[in-house]
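Chemist: Letter by letter, the chains look like this.
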Amino acid sequence: MDIRLQGVSKIFPPDIRALEDVYLSIPQGEFVYLVGTTGSGKTTLLRLISREAQITRGQIYAGSYNLKKIPTLSLAIYRRDIGVVFQDFKLLPDLTVMENVAFVLEVIGVPPREISERVGEVLERVGMWRRRFLRPPQLSGGEQQRVAIARAVINSPAVLLADEPTGNLDTRTAEDIMQLLLSINASGSTVIMATHNKYLVDAYRQRVVELRAGRIVRDEKRGRYDVDGDF
Amino acid sequence: MGTFRYALRDAFRLLGRHWGLALLTLVTATAVFFLVGGSALLVVNTSRLVARVEGELVIHAFLKSDKNMEALREKVRQYPGVAEVREVTPAEAMDRLKKSIQNQAQALEILGENPLPPSLEIRVERAQDVPGVARDLLTLSSVDDVVYPGALASRLARVSRVVVEFSLVILIIAVTASALVLFNTIRIAVYSKKEEISVMLLVGATPSFVAMPFVLQGMILGVAGAAGALGLLGGAYRALVGGVETSVPFLEMVKDPDLLARLGLILVGVGMTVGWVSSWLAVDRFIRRALRPI
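Chains as they are written, first to last, in the working numbering: chain A, 1 to 231; chain B, 1 to 294.
Keep in mind that the hints are not guaranteed to be accurate.
[To be verified] Label pairs and their computed distance ranges (CB to CB): (1) Asp258(B) with Ser156(A): 52 to 60 Å; (2) Leu24(B) with Phe12(A): 37 to 45 Å; (3) Tyr199(A) with Ser198(B): 30 to 38 Å; (4) Leu232(B) with Thr56(A): 53 to 61 Å; (5) Phe12(A) with Phe12(B): 37 to 45 Å; (6) Ser198(B) with Tyr204(A): 28 to 36 Å; (7) Glu252(B) with Leu73(A): 27 to 35 Å; (8) Arg155(B) with Thr72(A): 53 to 61 Å; (9) Ser156(A) with Leu8(B): 24 to 32 Å; (10) Arg13(B) with Gln54(A): 13 to 21 Å; (11) Thr56(A) with Leu8(B): 37 to 45 Å; (12) Leu24(B) with Thr56(A): 13 to 21 Å; (13) Arg113(A) with Gly243(B): 55 to 63 Å.
[To be verified] Listing some non-contacts, in silico: residues in chain A with all C-beta distances to chain B over 12 Å: (14) Glu20; (15) Gly29; (16) Gly120; (17) Gly127; (18) Trp129; (19) Ser187; (20) Arg207; (21) Asp219.
It should be emphasised that the hints constitute simulated quantities derived from the structure, not laboratory data.
Just so it is clear, CB atoms sit at the ideal spot from N, CA and C, and this is done for glycine as well.
Isolated chain B (complex conformation) (with noise of 0.2 Å):
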């Protein structure tokens, strides 16, 4: 307990000594992890839109007759990706037309028999599962006809793909620039103190010992630059929510408080393992050159 006093202490004595730095560190660090946090959110919001527009894609396969419907519903069930299956009769089928087209549902009388085909009503569990659900269909003998929006999904998985790549690159980009900013800090940091540090050798400090106030620094400016960025983060994405909810109100985003605070502390984690990674990288080479004997 006092070794972590001592370090801690020393830590901010670092920290202190080198504030601007310590200050372009903490700005540097907020803003690139304002970059992580936003990205993440256009996932979480991204990928949430397209599940919904995903839960709303429906393939039709029209059948030859209603033999063997339920067999055939099972089986169709049992397709890699479907999520549900739903019969439709040809009555359902033919009250469903008069509902839609509503004044003009007499015009149907003149029809005399119901004409309508029974059928299918599938949903998968992705867009980019469409394709090949609708492809499974054709083949099956008592299907006559498959509609299914093929654009629309191919265009989500492809919507859904990018933004989860772009997220990825920003997240990759960011998560480095962070590291080398706090690397090179805690290298200026360690380098000031080499005295100190090889006085600290040959008095029996172990290398950990000499480690911990300069991982103990990395850490707290990533835990710091998480947090503003989580501060700011908070108060950007609550006037994106307000401004979305009045001009585009279909456009439903995530204001689910136990998944925000989980990408939060998600943040702060990162933070903190970025700052603990990349100052213990900067400090371990240090001392291992300063405890190689000449």
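Okay, chain A solo, but in the shape it has when bound (with noise of 0.2 Å):
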């Protein structure tokens, strides 16, 4: 699935400009860094792209999406090709881990006996088996968050759009989470992640697409991370 941004702008009232006629095209199996200061309009651009937010102006094609204009049943069959991961995981602290990343498939009619191979196959990918059985607030943060990522990939998903996945992690848990990230992309999942973790972009080069004030001021193939007045 093919994404593409044309002349895409985000506006929230009053007057805030998050997103400014930005021209953006991610092919199909890309990893994609998007880089910025806070409040540059990362997290706004992936929201668009998974139709949380809708554009002020332009449009975006997300395959033979217009997500400008896509109907409701058709933006719920749409987001069954695309994963999300969120910094803060958004884990149903009532389930456990299996029924977490079982709930996916649930909510889209797989029959049972299917459910629970998949559960089990992407549970053993992301390295959390042996704790199927425990809740979340039973884990450590990376824990939460290779659950979070089961939970993204376990319907294939044509697209991975991480924000910030690292961000509450400490350097090796941060590096454990990437090549997961690397594996699933090499697997052939487009992986839009969001971050500002310079040791992880310029360790593991992907294109980067830099944002400053809600444009793109660079995009990079096998770029580093440079965002001026970063913290």
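Work from the hints to combine the two standalone chains into their complex.
Modeler: See the structure below:
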């Protein structure tokens, strides 16, 4: 699923310009870092792609979908092809690791036998099989992020959107999560990752798109972090 | 089928998570549907009683002569609200009079010729038809006089109307109250699962899939409330019928099992519908808001 943003602007009321005239094309299977200072528009860009936010001007195409005009039912179908990972994980605290991951397949009507097979596979892949009966509050931050990634990729999405997935994690755990994201990318999914992690961006060189005040100021293949004014 | 099983499991999870609230809703719904069922039984019994009395309401039209009685009977039969018309000859009227006065019947012999006029006995369909039919009869030239139970008829019509109106008010209040209680219960359940719903929508659940457990929860509570009310009402009504049969034997209450079963089914149907509509309203608004992009 290729993603194309054409002249996209997002203005929050009263007049907060989160994105301004953004043109961006991401072919299927690419790994893209979104970098930039806080408030530069990284999260807004991800939210526009997941259609949690609506664009003010311009167009976004994701595969055959025009996200500006997508109807409710098509939106549900589209989102089954998009995995989302958040900095704060957004796991459901009352459910076990297994249930948190299985939940995604249950809500799209996958038969129970297939669910248990696929959940087993994905939990093995993220290294959480042995912790499958625990609940999120019983897990470390890194483990919770692994579960969140498992939940995001269980449906083999075409695109994985990761908003600061290593933001709350120590360097070593962040590196583990990065390896996981790279392996997901290697299996064919596009990964778009918003990050402030200079170390990861420089160590695992991929396409870097830098945003500043809502505009793209750099789009570099195998780029470095190099964000001016970042902490 | 898998989707329905998931929704059903989730509906029971929701009930378990908020069991106190669910119990409170159930008790309220039971009380409210008890009122609904009770007022329905009141209407059915009053209607039966009124119909019985109405069936005994007779208008007597005394005729000037027995000429063309057949034609007159047919004409009156066509009046709106008329159920039955019967000719009473002077001889038949005399026989009835003799039967009614029994021992004093011999006194009638001194009258010599039968002085009683021919008449028509008219039964109406409803009490409220009596005055109109009587008025129409008085306009006929062959009719000498009309005797009818006007006061009783108008009182019966009023009683019947008041009972129906009262029951309707009870019904509206009760259904609104149960809908509000169920709406609030479901809304609380929806808010308690706010996070879960937003994740569900984000991973591709359709709005109807998200709504289904809540709607099922509402329907379960509605049906359970109605079923509880039905159980209580069944017991209370049986006791009431037993009491009335011994203390007021002439007052015949409705015992037709088919009619009572139909009433029970309607009550459960009302419970299910109220649960469905109120929970759908509660969850649909929330989902629309959650789906609206920022």
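Chemist: Quick one: work out the minimum CB distance from Ser187(A) to chain B and report holds if it exceeds 12 Å, violated otherwise.
Modeler: 19 Å, holds
Chemist: Is 13 to 21 Å right for how far apart the beta carbons of Leu24(B) and Thr56(A) are?
Modeler: Because 46 Å falls outside the window, the suggested range is violated.
Chemist: Can you let me know if the beta-carbon spacing of Ser198(B) and Tyr204(A) is within 28 to 36 Å?
Modeler: For Tyr204(A) against Ser198(B), whose Cβ atoms are near 31 Å apart, the range 28 to 36 Å holds.
Chemist: If you check the beta carbons of Arg13(B) and Gln54(A), does the distance land in 13 to 21 Å?
Modeler: 33 Å, violated
Chemist: Was Gly127(A) rightly flagged as not at the interface, with every chain B Cβ beyond 12 Å?
Modeler: 22 Å, holds
Chemist: With 55 to 63 Å as the target window, see if Arg113(A) and Gly243(B) comply at their CB atoms.
Modeler: 59 Å Cβ-Cβ, so the 55 to 63 Å window holds.
Chemist: Does the no-contact call for Trp129(A) survive, Cβ to all of chain B over 12 Å?
Modeler: 21 Å, holds
Chemist: Using the C-beta atoms of Thr56(A) and Leu8(B), is the stated range 37 to 45 Å upheld?
Modeler: Since Thr56(A) and Leu8(B) have Cβ atoms about 42 Å apart, the given range 37 to 45 Å holds.
Chemist: Between Arg155(B) and Thr72(A), does the C-beta distance stay in 53 to 61 Å?
Modeler: Taking Cβ atoms as reference, Arg155(B) and Thr72(A) lie about 59 Å apart, which means the hint holds.
Chemist: Is it correct that the beta-carbon of Glu20(A) has no partner in chain B closer than or equal to 12 Å?
Modeler: 17 Å, holds
Chemist: Does the Cβ-Cβ separation between Tyr199(A) and Ser198(B) fall within 30 to 38 Å?
Modeler: 32 Å Cβ-Cβ, so the 30 to 38 Å window holds.
Chemist: Range first: 24 to 32 Å. Now tell me if the beta carbons of Ser156(A) and Leu8(B) are that far apart.
Modeler: Holds: the Cβ-Cβ distance is about 28 Å, inside 24 to 32 Å.
When the structure is compared with the earlier hints, violations turn up for hints 7, 10, 12 and for no others.
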